[in-house]
Structure formats: C-alpha cells, structure tokens
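Line order of the protein sequences matches chains A, B and C.
For the first sequence, position 88 matches number 88 in our numbering, and the numbering has no gaps at all.
For the second sequence, position 382 matches number 382 in our numbering, and the numbering has no gaps at all.
For the third sequence, position 192 matches number 192 in our numbering, and the numbering has no gaps at all.
Since the hints were made in silico from the structure, they are not lab data.
Keep in mind that the hints are not guaranteed to be accurate.
Below, a list of computed lysine-lysine pairs in the DSS-like style, where the Cα atoms sit at most 25 Å apart [to be verified]:
1) A/K79 with C/K184
2) A/K11 with B/K579
3) B/K42 with B/K24
4) A/K202 with A/K148
5) A/K79 with C/K178
6) A/K202 with C/K3
7) B/K410 with A/K148
8) B/K410 with A/K149
9) B/K685 with B/K669
10) B/K585 with A/K11
11) A/K18 with A/K6
12) B/K585 with A/K18
13) B/K558 with B/K545
14) B/K585 with A/K16
15) B/K542 with B/K658
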Amino acid sequence: MKLTLKIWRQKSKNDKGKFVEYILDGVDGDMSFLEMLDFLNEKLINEGKEPVAFDHDCREGICGMCSLFINGQAHGPDKLTTTCQLHMRRFKDGDTIVIEPWRAEPFPVIKDLVVDRSAFDRIQQAGGYISVNTSGRTVDANTIPIPKKDADRAFDSATCIGCGACVATCKNASAMLFVAGRIGHLARLPQGRIEAADRVQKMVAAMDAEGFGSCTNTGACEVACPKGISLADIALLNREFIKAHL
Amino acid sequence: MLDINIKEGTPLKARIPEGHLSEKWTRFKDKIRLVSPANKRKLDVIVVGTGLAGASAAASLAELGYNVKAFAFQDSPRRAHSIAAQGGINASKNYQNDGDSDWRLFYDTIKGGDYRAREANVYRLAEVSGNIIDQAVMQGVPFAREYGGLLDNRSFGGVLVSRTFYAKGQTGQQLLLGAYGALNRQIARGKVQMYNRHVMLDLVVIDGHARGIITRNLVTGEIERHSAHAVVLATGGYSNVYFLSTNAMGSNATADWRAHRKGAYFANPSFVQIHPTCIPRSSDHQSKLTLMSESLRNDGRVWVPKKLEDVHAIREGKKKPTDIPEEDRDYFLERRYPAFGNLVPRDVASRAIKERCDAGYGVNKTGEAVFLDFASAIERYGTEQANLQGIHNPTPEIIRELGKKVIEAKYGNLFQMYEKITAQNPYETPMMIYPANHYTMGGLWVDYDLRSNLPGLFVIGEANFSDHGANRLGASALMQGLADGYFILPYTIGDYLADYIREGKVPTDTPEFDEAEEMVRKEIDFFINNNGKHSVDYFHKKLGKIMWDKVGMARNAKGLTEAIEEIRELRSRYWKEVKVPGTDKEYNPELEKAIYVGDFFELGELMALDALHRNESCGGHFREEYQTEEGEALRDDEHYAYVAAWEYPARAYERYEKPVFTSESILHKEPLIFEFVTPTTRSYK
Amino acid sequence: MLKTSVAKKITMALSGLFLVVFILVHLGINLTLLLPGKETFEKAVHFMATNPFIRIMEPILFIAFIYHIIMGIYLELTNRSKRSVGYAKYDGSAVASWASRNMIWTGLFVLLFLIFHFYNYYIPFKTGHVESHYDLVTGLFDKWYYTLFYVLAFIALGIHLSHGFQSAFQSLGVPREKCLRFLKISGNIIALVVGLGFSIIAIYFYFN
Numbered sequence: 001m002k003l004t005l006k007i008w009r010q011k012s013k014n015d016k017g018k019f020v021e022y023i024l025d026g027v028d029g030d031m032s033f034l035e036m037l038d039f040l041n042e043k044l045i046n047e048g049k050e051p052v053a054f055d056h057d058c059r060e061g062i063c064g065m066c067s068l069f070i071n072g073q074a075h076g077p078d079k080l081t082t083t084c085q086l087h088m089r090r091f092k093d094g095d096t097i098v099i100e101p102w103r104a105e106p107f108p109v110i111k112d113l114v115v116d117r118s119a120f121d122r123i124q125q126a127g128g129y130i131s132v133n134t135s136g137r138t139v140d141a142n143t144i145p146i147p148k149k150d151a152d153r154a155f156d157s158a159t160c161i162g163c164g165a166c167v168a169t170c171k172n173a174s175a176m177l178f179v180a181g182r183i184g185h186l187a188r189l190p191q192g193r194i195e196a197a198d199r200v201q202k203m204v205a206a207m208d209a210e211g212f213g214s215c216t217n218t219g220a221c222e223v224a225c226p227k228g229i230s231l232a233d234i235a236l237l238n239r240e241f242i243k244a245h246l
Numbered sequence: 001m002l003d004i005n006i007k008e009g010t011p012l013k014a015r016i017p018e019g020h021l022s023e024k025w026t027r028f029k030d031k032i033r034l035v036s037p038a039n040k041r042k043l044d045v046i047v048v049g050t051g052l053a054g055a056s057a058a059a060s061l062a063e064l065g066y067n068v069k070a071f072a073f074q075d076s077p078r079r080a081h082s083i084a085a086q087g088g089i090n091a092s093k094n095y096q097n098d099g100d101s102d103w104r105l106f107y108d109t110i111k112g113g114d115y116r117a118r119e120a121n122v123y124r125l126a127e128v129s130g131n132i133i134d135q136a137v138m139q140g141v142p143f144a145r146e147y148g149g150l151l152d153n154r155s156f157g158g159v160l161v162s163r164t165f166y167a168k169g170q171t172g173q174q175l176l177l178g179a180y181g182a183l184n185r186q187i188a189r190g191k192v193q194m195y196n197r198h199v200m201l202d203l204v205v206i207d208g209h210a211r212g213i214i215t216r217n218l219v220t221g222e223i224e225r226h227s228a229h230a231v232v233l234a235t236g237g238y239s240n241v242y243f244l245s246t247n248a249m250g251s252n253a254t255a256d257w258r259a260h261r262k263g264a265y266f267a268n269p270s271f272v273q274i275h276p277t278c279i280p281r282s283s284d285h286q287s288k289l290t291l292m293s294e295s296l297r298n299d300g301r302v303w304v305p306k307k308l309e310d311v312h313a314i315r316e317g318k319k320k321p322t323d324i325p326e327e328d329r330d331y332f333l334e335r336r337y338p339a340f341g342n343l344v345p346r347d348v349a350s351r352a353i354k355e356r357c358d359a360g361y362g363v364n365k366t367g368e369a370v371f372l373d374f375a376s377a378i379e380r381y382g383t384e385q386a387n388l389q390g391i392h393n394p395t396p397e398i399i400r401e402l403g404k405k406v407i408e409a410k411y412g413n414l415f416q417m418y419e420k421i422t423a424q425n426p427y428e429t430p431m432m433i434y435p436a437n438h439y440t441m442g443g444l445w446v447d448y449d450l451r452s453n454l455p456g457l458f459v460i461g462e463a464n465f466s467d468h469g470a471n472r473l474g475a476s477a478l479m480q481g482l483a484d485g486y487f488i489l490p491y492t493i494g495d496y497l498a499d500y501i502r503e504g505k506v507p508t509d510t511p512e513f514d515e516a517e518e519m520v521r522k523e524i525d526f527f528i529n530n531n532g533k534h535s536v537d538y539f540h541k542k543l544g545k546i547m548w549d550k551v552g553m554a555r556n557a558k559g560l561t562e563a564i565e566e567i568r569e570l571r572s573r574y575w576k577e578v579k580v581p582g583t584d585k586e587y588n589p590e591l592e593k594a595i596y597v598g599d600f601f602e603l604g605e606l607m608a609l610d611a612l613h614r615n616e617s618c619g620g621h622f623r624e625e626y627q628t629e630e631g632e633a634l635r636d637d638e639h640y641a642y643v644a645a646w647e648y649p650a651r652a653y654e655r656y657e658k659p660v661f662t663s664e665s666i667l668h669k670e671p672l673i674f675e676f677v678t679p680t681t682r683s684y685k
Numbered sequence: 001m002l003k004t005s006v007a008k009k010i011t012m013a014l015s016g017l018f019l020v021v022f023i024l025v026h027l028g029i030n031l032t033l034l035l036p037g038k039e040t041f042e043k044a045v046h047f048m049a050t051n052p053f054i055r056i057m058e059p060i061l062f063i064a065f066i067y068h069i070i071m072g073i074y075l076e077l078t079n080r081s082k083r084s085v086g087y088a089k090y091d092g093s094a095v096a097s098w099a100s101r102n103m104i105w106t107g108l109f110v111l112l113f114l115i116f117h118f119y120n121y122y123i124p125f126k127t128g129h130v131e132s133h134y135d136l137v138t139g140l141f142d143k144w145y146y147t148l149f150y151v152l153a154f155i156a157l158g159i160h161l162s163h164g165f166q167s168a169f170q171s172l173g174v175p176r177e178k179c180l181r182f183l184k185i186s187g188n189i190i191a192l193v194v195g196l197g198f199s200i201i202a203i204y205f206y207f208n
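Produce the complete structure using the sequences and hints provided.
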C-alpha cells in the first residue's frame with residue numbers, strides 16, 4: 001500500500017521542530033508499524049536524507065521503549081497494543097498517518113520522535129520498591145502465603161511497562177496511572193504494606209516535582225495503556241494517600 | 001579453499017576450590033578475603049548493563065558499600081532485554097515434593113548442556129537457586145500462586161520435575177522490576193550513579209588490569225572516561241549477529257568484543273541456542289523474531305501432517321489444520337522421544353522441527369513452520385473444569401469454553417501476542433512455530449570467580465560462557481543472571497578488590513585512557529566521514545543470512561569454511577561502503593548500529609571458526625558430519641571435553657591499520673573434568 | 001498536605017460533593033414551585049432564610065463554591081501548562097468522555113449562570129424587601145432568552161455532574177472494582193435529576 005506520513009522532525013531538544021510529509025509506497029500489511037518506519041528510514045538513507053529517530057528495542061511489547069502518537073492516539077488505534085505490535089494491516093492504502101512524539105513538559109523531545117522519560121525513573125527511585133537487602137537471607141518464600149487473587153491482582157498492576165502512553169494521552173499530562181501501577185502492585189502484597197504509607201507520599205511528591213499534571217479522572221490513561229493498568233489502581237492510590245494522612 | 005591452522009596457547013585454569021561438589025562454594029566463601037565497610041567506600045566498581053545480572057549486581061555491590069557506576073544503552077535500566085523473558089525461573093525448592101533437589105537441578109543442567117559446562121559452577125548455581133526465589137518474593141515479585149496461597153510451579157524442557165516459578169508469561173519482566181527496584185533504592189541512596197543512554201565503546205586496561213571504560217553518551221555524542229577498581233560486564237548475548245533473532249534491536253556484543261580485543265578470551269562462541277518455538281518469519285522487512293515461551297510446550301503438542309498431500313493442501317489453503325484427522329497427524333516429538341515428549345530440550349526440539357521441514361513437511365508457504373496445537377489441552381482442562389464445577393454431561397462447546405479459559409489464564413498474553421503478529425486466533429487454529437536464534441551460551445571466558453583472564457574484569461549473566469555448556473535449559477537464564485548478580489559476584493569481587501584498598505581513585509588522565517579515547521574517536525570519525533552507499537542494515541542482513549545458513553542450526557566443515565570467506569569479503573565491503581548519515585554530536589542510532597555491526601563481523605568469523613574446529617556435535621552445536629544413525633548429536637568426549645577460549649589474534653587497535661582475521665585466533669583450552677557425574681549419551685527417549 | 005496534586009483533587013472532590021448536596025436541597029425547594037399555590041414555596045424560602053443550621057451552612061457553602069471554582073480554574077491552567085506544544089492531531093473522544101474532557105467549560109458556564117442568578121435573585125433577596133419570592137422567581141421565566149439560558153446552564157451542570165459525581169468518589173479512593181457500576185448509575189441519575197428538574201420548572205413557567 002501507499003501511505004502519506006506526516007512526521008514530526010526536530011533536530012534536538014532546543015530546535016523548534018516541524019512536520020515533514022513523506023510518501024511511502026510498497027508498505028506491506030504484515031509489517032509492524034516500526035518495520036514500516038525502518039523501511040522509510042532505509043529509503044531516506046539511500047536518498048541521502050536523515051532517517052527519522054524513534055525509540056524502540058524489544059519489539060515484542062514488553063520493554064516499553066517504543067512510543068509514538070499515531071493519528072491522535074498513543075500507540076495508535078489498537079487497544080492493549082504497543083506501537084511495535086501494531087501492524088500495517090490496520091491501515092488502508094492511501095491513508096495519511098500523523099506521527100508525533102509524546103507531548104508533555106516532563107518528557108522533553110530529544111530528537112524527532114524520541115523523548116526523555118527519565119522522570120519516570122526518578123519517581124520510582126523516590127520509593128517504588130520494598131526496602132529489603134539483596135542478601136537472599138530472607139525468609140523462605142513460602143512462609144508468606146498470599147491469597148491467589150491478591151497475587152494475581154498485584155501482578156496485573158505490576159505489568160506496567162513504563163512507556164508513558166498514560167501521560168501522553170492524558171489531557172493534563174498526568175502520570176497518575178504510572179504511579180498507581182507501582183502503588184497498586186506493592187500495596188496489595190503483605191511485603192509491600194510495611195512501607196505503604198511512606199511510599200505513596202514520596203512517590204506522589206516526586207511525581208509533582210517532575211512537573212506532571214494532576215489527575216481529573218477522565219480515564220483516558222486506562223484506555224491508552226497497552227497493558228490494561230486499571231483506573232482502580234488510581235482509586236487505590238488515592239485511598240492509600242488518604243490513609244497515610246489519617 | 002581457505003586453509004585454517006589453529007594456533008594453540010596455554011591451557012586455562014578455572015581455579016575451582018577443593019572438596020566435594022556440595023562443599024566447594026561454602027569453602028570458597030569461608031576462605032576469601034573480605035573488605036571492611038570503611039574500605040569498600042574507597043573502592044569503585046563499574047557495571048555495564050542493567051538486565052537481571054547487571055541490575056542485581058549493581059544493587060548488591062552498592063548495598064555492600066562499594067561506589068557503583070552503572071551503564072545502560074536504553075533510556076532506563078528497566079528496559080534491558082531480560083524484561084522479555086517469558087516462561088519462568090528454575091529453583092530447586094522441591095515445593096512440589098516431586099523429587100527435586102540441588103543435585104537434580106545440577107544434573108539436569110549439566111546433562112542439558114551436553115556435558116560442556118563446568119561441574120562446580122553449575123552446582124553452585126543450583127545451590128543458590130532457592131535463595132533467588134526467597135529474595136524475589138521479599139522484593140514483591142508477584143509469582144503465580146495456588147489457591148492455598150503458596151507458590152505455583154510448572155515444567156520446562158529437559159526435566160522430569162516441576163521446578164519453574166513463573167508470573168504468567170512475564171516472569172523476566174517481574175524479576176527485572178524487582179532488581180530495578182533494588183537498584184533504584186541504591187540510586188536514591190547515592191550509592192549507584194546511573195548512566196542511561198550510554199554505550200561502552202572500549203575497555204581501559206592499565207598494567208594488565210581492567211581499570212575503566214570509554215563510553216559514548218547517545219544523546220549528546222560526548223565521549224566520556226570512567227575509571228574504577230573493577231569492571232563488571234553484564235551485557236547479555238550476541239544473537240543479533242544473525243540479524244533476525246529474539247533479541248532486542250539494541251542488543252549487541254560491542255562491550256564484550258572490545259574487552260576481547262583488549263585481551264579477554266571469548267569462550268565457545270559457536271554455542272548458540274536456537275529456540276524451537278518462535279513465530280515464523282513472514283516477510284523480508286521483518287526486523288526481529290518473536291519467541292513463544294517454552295512453557296507452551298507444557299500444553300501444546302507439536303505436529304505436522306503424516307501425508308505430504310495434506311501438507312500441500314494446507315499450504316495452498318485448501319485444508320485447515322483442524323481438518324486433518326488425528327490418525328493423519330505426526331506428533332513427531334512424542335513419537336521420537338516418548339519419555340520427554342514435547343518437553344525435550346530446546347536443541348533437540350529445534351533439530352527435530354528442522355528435520356521435518358527439510359523433509360518437506362513444513363506447513364506454511366515458506367515450508368518453515370510446524371504446528372503447536374492446544375486443542376487436546378483445551379479439552380483436557382475443560383473436562384476437568386466441568387467436573388470441578390459439577391457440570392454433568394457437558395457439551396463439547398461448554399468443555400471448549402471452560403478449557404479456553406484455563407489456557408487463557410496460563411498463557412493469555414502469549415496468545416494475544418501471537419494473534420497480534422499473525423492475525424490468527426490460536427485458540428481456534430494451532431499456532432505455527434519455527435526455530436529462531438535466541439540465547440548464546442558462549443561468551444567471555446570466566447573462572448570460578450566469574451573473573452575473566454584479565455584481572456579486574458568480571459563477566460556475569462549471558463555475557464559470560466559459564467553455566468549452560470552447549471545448550472541451556474529453559475528458565476535457567478533468569479536463574480543464572482540473578483545468581484551471578486545477587487549472590488556470587490558480590491563475594492568473588494571482594495576477594496579481588498581486597499588488594500586495592502590503598503590505591504585511591506583511579507585517575508583518568510593516563511596514557512591508557514588517552515589512547516582508548518583516541519581510538520574510539522577515530523572509529524566514529526571514520527563512520528561519519530565514510531561516504532558509502534549502503535545502510536548498516538543492508539550489510540547486517542547479509543551477514544545474518546550467512547550466519548543462519550552456514551553457522552546456524554546445522555553446520556558442516558565446507559559451509560563453515562565458506563562462511564569465514566564470505567564474512568571476510570562482506571566485511572571488507574562494509575568498511576568501504578557503509579553509509580552513516582548525520583553527525584557524531586547528536587542522537588544518531590545509525591552510528592550506534594554501524595559500530596556494533598562492525599564488531600559482529602569479527603565475532604561472526606570467530607563463531608564459524610569455533611564451530612569448524614569442534615569436530616563433534618553437542619547441544620546447540622550440530623555438525624552434520626557427526627551424528628548417530630537416528631540423527632542425534634554425536635559427542636566426542638575424548639577430544640572435545642574442553643572449553644574453547646579464543647584469544648584475539650592481534651593487538652587491540654591493529655584493525656584500524658589492517659584487517660584482522662579472527663579465524664586466526666589463538667585457542668586456549670580449559671579441560672572439563674567430570675569428577676562427580678559421568679558424561680553419557682544424552683537421551684530423552 | 002494541600003501541596004500535592006492528589007490532596008488538591010481530594011479537596012475538589014469534597015467541595016464538589018458538598019455542592020451536590022446543596023444543589024439537591026435547592027432542587028427540592030424549587031420543585032415546590034410546581035405545587036398549587038404560592039404558599040409552600042414561600043414557606044420553604046422562609047425556612048431557608050431563618051433556620052439556624054442553614055444559616056451556619058451558608059457561609060460554608062460560599063467557601064465551598066469559591067474554593068471549587070478557584071481550584072478548578074487553577075488546576076485547569078496548571079494542567080494546560082504541562083503540554084506547551086500540543087498535538088497536531090488528538091483524538092480525545094477515542095479515550096475519554098466529552099463530559100470528563102470539558103469539565104472546565106461546563107463549570108465555567110454554570111459559573112456564568114451563577115453570576116446572573118446572583119444579580120437577578122440573590123442580591124435583591126438579600127438587600128431589598130421581596131414581596132413574593134414566588135413572583136420574583138417565576139417572573140424571570142417570562143423572557144424566552146432567560147429561560148433558554150437557564151435550561152442550558154442546567155444541562156451543563158448535568159453534564160458536569162455526570163462525570164463529577166463518580167470522579168469525586170474515585171478521588172476519595174472508593175474501591176472502583178466494587179462500586180464503579182453503582183457510582184456511574186447514581187451519578188447519571190443525579191445528573192439527570194438536576195438537569196431535568198431545574199429545566200422542567202423553567203419551561204413550565206415559561207409556557208404558563
């Protein structure tokens with residue numbers, strides 16, 4: 001198929017940036033979206049032009065490196081899908097596709113479609129862990145029985161890949177779902193309860209300090225999340241936050 | 001034809017402690033020198049890579065008190081490719097009371113590796129495996145549980161017990177996030193300085209000791225010097241030599257290879273694992289292959305039609321796989337290996353699949369696919385559920401629905417992933433799978449201390465060669481990475497560092513750093529200014545094809561010799577014709593690729609040499625000349641029971657002056673002595 | 001505690017829910033307009049003007065109003081500043097309801113109505129002597145444009161509540177797994193009752 005691509009090009013953080021239009025012929029339905037961009041880049045390189053920079057790594061939907069705002073939606077039109085898992089059979093011959101980087105003040109553009117998401121790491125560093133040493137000399141794993149449904153629920157929250165789609169799609173550029181994923185994972189486990197009060201306060205403070213917007217419960221994040229992290233985790237975060245102050 | 005003469009160097013010693021297998025590690029720990037907490041504060045350690053091995057090592061070393069600098073090429077340590085590991089992690093907990101023990105885990109691993117691994121290392125791995133689970137659970141890793149609240153297990157290939165702990169099909173992710181949490185805790189304490197989007201481009205060796213690295217900041221292009229008292233490489237494997245593999249796009253061998261050029265030996269480079277269950281390739285534009293976890297073989301049955309006419313009908317779309325009656329299906333793994341059935345080790349399964357496809361029974365258009373079928377598992381689970389729920393005389397539809405739910409709970413994300421890629425629903429029609437490059441057992445040579453032959457250089461996780469011999473068992477990579485990082489390296493590195501408590505900071509303004517930095521700059525300038533005509537990928541794909549065709553699942557002397565010649569030729573073209581757009585002072589992914597593909601040529605040639613010199617078949621290394629009448633691998637313990645560690649055949653920077661042929665590398669043998677097990681012919685029948 | 005974004009939204013939720021209670025009481029009183037005769041309404045107004053509890057609540061209500069408005073505008077403005085370069089293409093409807101995305105506009109429209117409401121009713125009521133509250137209120141609906149404005153304002157409020165009600169409970173951490181359905185349904189009922197209730201009164205008096 002033949003596509004018109006409108007891609008955001010920006011040389012560096014301080015460059016102003018603009019959209020550039022490319023016509024790409026010969027796109028195959030079995031290509032993933034990123035393979036389509038590889039194909040475009042190969043063509044650009046052969047024409048002596050600068051290829052488009054975009055983040056990607058595992059290409060199987062788990063590393064969270066790929067991003068892209070595709071036709072107005074984070075990771076494109078498919079639900080529960082990262083950009084690397086989106087396939088071109090989702091598009092039609094003659095389509096125009098607008099490709100933009102994540103937009104949020106805490107995610108400055110590094111180049112073209114690549115943004116800096118280190119703010120997420122700093123939020124995790126503020127307390128997104130259980131403070132046990134790494135000696136391995138803890139108790140035997142089976143001395144802490146955990147109800148299956150709690151463990152499964154914690155797992156669901158823990159599947160966050162830190163891609164940033166929640167921030168990108170939120171009209172407020174809020175990182176609540178990202179933070180809530182970690183809170184939701186650890187607060188549901190007995191091991192995580194010990195530091196729960198401290199954790200939620202520190203992570204929320206770090207989230208604010210990074211300059212993310214505030215949550216207005218639109219629920220856009222939940223829809224855009226490729227891993228289906230639930231808004232229920234945000235409710236849990238709020239609950240934990242209130243508990244921590246009571 | 002090319003004439004290969006192998007020069008042999010001095011044999012290597014692994015410095016294995018004395019005593020019975022089960023006492024070695026304890027004895028070792030009792031005897032090593034310790035560094036006092038006050039002195040640890042004076043010692044710096046560099047850790048390159050933040051996967052399971054790197055993140056756990058960096059966190060543990062910082063926790064002990066060392067000053068750690070950690071490096072990742074990704075934008076966050078959490079994205080290292082360990083995250084993609086699906087199926088699980090082994091541990092000899094024997095929670096299922098099915099006869100598991102440290103010895104059995106050790107024995108299965110040694111046997112699974114086709115007796116090409118070191119006994120003492122593997123036993124130690126089994127010994128600490130239980131602690132990994134304890135540690136991970138305390139960190140909040142949400143492993144799957146049974147209704148009683150205790151941990152659940154499943155089976156993996158090559159074993160007869162259930163010892164694999166898992167978190168759906170995302171075990172690697174959950175374990176990595178645990179290690180990432182531990183790392184974050186140390187970053188917050190200021191004990192780890194984290195450098196994201198940094199790639200290591202050289203190892204700095206001072207007076208024969210590894211004392212620093214040169215890195216490039218991928219965002220700004222800045223070349224930086226970092227010094228330390230020890231350098232730890234945890235940089236993963238090199239399957240991307242094949243272009244198409246299950247590795248992440250950024251996975252590369254450059255850090256290991258630069259260390260190799262500086263004198264570290266590269267062991268068993270040809271031991272590559274071809275994973276049997278991957279989604280078959282579909283087009284020329286394909287950038288990577290996607291693994292379908294081995295855990296699927298717990299419930300999936302591998303088959304092809306018995307009749308060639310059925311094969312053709314399926315290929316042409318005239319018949320659906322579900323149309324083939326049971327009696328016309330060849331469940332060839334169950335047929336050939338009745339004891340282990342679909343759960344034979346990966347190398348065995350991959351070869352069996354290749355054998356059927358080579359015989360013309362491949363079921364997709366390219367003829368390179370077999371079925372992995374869940375229909376009988378769905379029926380089995382459905383019946384069980386119907387009984388549990390008290391449904392009497394359930395209809396086949398109800399059974400199917402109930403069975404599907406069980407399968408979904410077990411493998412939901414894998415099925416979804418499969419459907420996204422292939423646009424086929426694996427609940428309704430069997431999956432199609434084919435082997436693909438996955439894991440590399442080979443890597444930098446290390447002794448029992450995980451120390452390379454270069455003092456001060458430690459190598460952990462997939463980057464070293466140590467524990468898996470010629471074939472790795474499923475769910476053992478996560479185990480090894482975490483064992484190395486959490487529980488082994490933190491002890492062994494102290495024994496080395498104890499000598500340097502008086503040394504003070506290692507300066508970076510020395511001639512060794514100057515030279516290393518100059519060479520890195522020279523290389524980058526070359527790529528930026530080389531006015532070539534083809535992209536890096538153009539060459540990488542060609543290299544990958546040579547490697548897959550001739551240094552892949554089945555190898556022979558003729559093909560390997562040809563491969564060496566072809567790689568040499570392609571490489572000389574690469575250095576003349578490669579084109580790298582952009583500048584070195586910006587974010588430039590093409591430049592990164594150019595650097596690591598440059599190293600893949602030398603590594604690829606060495607892999608071919610290693611495969612050519614090893615005149616036997618073992619594990620993932622299958623030489624067509626050496627097989628039994630039934631097509632099984634034929635080992636030669638008399639001549640090849642050793643680790644082949646290769647020394648770079650030139651000075652570190654010589655290749656900037658003239659081409660260096662790694663097929664002229666010098667062979668150092670580390671004899672493998674089996675004191676506690678007797679190597680036998682591996683049988684899964 | 002009020003420094004964090006989460007605390008701010010909790011106070012938005014609390015003030016909002018308080019205003020919901022007020023609006024339901026207000027609706028209850030207004031609905032007496034529809035009863036035959038003017039007396040019931042006059043009595044209700046008198047009760048509101050003299051009951052000590054209501055007198056105590058009035059300033060609190062004012063504070064809640066002002067807080068909700070100012071904080072709402074403040075949050076909107078800060079949130080807008082979090083994305084200085086906007087998207088060229090943003091498909092908001094694919095991910096969130098119109099109501100949730102436009103709280104500021106429905107809110108501001110209600111505020112505009114509130115200003116008129118003060119000018120037309122509350123100030124005369126507080127400053128001068130009102131002969132008949134019933135006549136004052138129903139007299140306003142003589143003009144079609146006022147009636148239309150009034151109806152639109154309450155539709156806006158209804159939309160505001162359709163998101164706001166359940167959102168407030170979400171902010172207060174009510175377990176979503178268990179209560180979401182109930183909150184969504186009750187939120188929509190309240191939105192409908194408030195929107196329709198006030199509108200019906202206006203339309204009734206416009207035509208009568």
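Verification of the hints:
Distance restraint check for A/K79 and C/K184: the Cα-Cα separation of roughly 23 Å lies within the 25 Å cut-off, and the hinted pair is therefore satisfied. Simply put, A/K11 and B/K579 have alpha-carbon atoms about 20 Å apart, close enough for the 25 Å limit, and the pair holds. For the hint linking B/K42 to B/K24, the alpha-carbon distance of about 30 Å lies beyond 25 Å, and the restraint is violated. Proposed proximity of A/K202 and A/K148 is contradicted: the alpha carbons are some 29 Å apart, above 25 Å.
At roughly 24 Å between alpha-carbon atoms, A/K79 and C/K178 fall within 25 Å of each other, so this suggested pair holds. Restraint check for A/K202 and C/K3: the C-alpha separation of about 13 Å stays at or below 25 Å, so the hint holds. This hinted pair checks out: B/K410 and A/K148 have alpha carbons roughly 14 Å apart, not beyond 25 Å. Between B/K410 and A/K149, the direct Cα distance comes to roughly 14 Å. Compliance with the 25 Å bound is thereby established for this hinted pair.
A hinted pair counts as satisfied when its Cα atoms are at most 25 Å apart, and B/K685 with B/K669 does not qualify at roughly 32 Å. Between B/K585 and A/K11 the alpha-carbon distance is near 11 Å, which keeps this suggested pair within the 25 Å criterion. Our distance criterion of 25 Å between C-alpha atoms is met by A/K18 and A/K6, whose separation comes to about 10 Å. Pair hint B/K585 plus A/K18 holds up; C-alpha atoms about 21 Å apart against a cutoff of 25 Å.
This hinted pair checks out: B/K558 and B/K545 have alpha carbons roughly 16 Å apart, not beyond 25 Å. For the given pair, B/K585 sits about 18 Å from A/K16 by alpha-carbon distance, which is consistent with the 25 Å threshold. Distance check on the hinted pair: B/K542 and B/K658 sit about 22 Å apart at the alpha-carbon level, within 25 Å; holds.
In this structure, the hints that do not hold are numbers 3, 4 and 9, in rising order.
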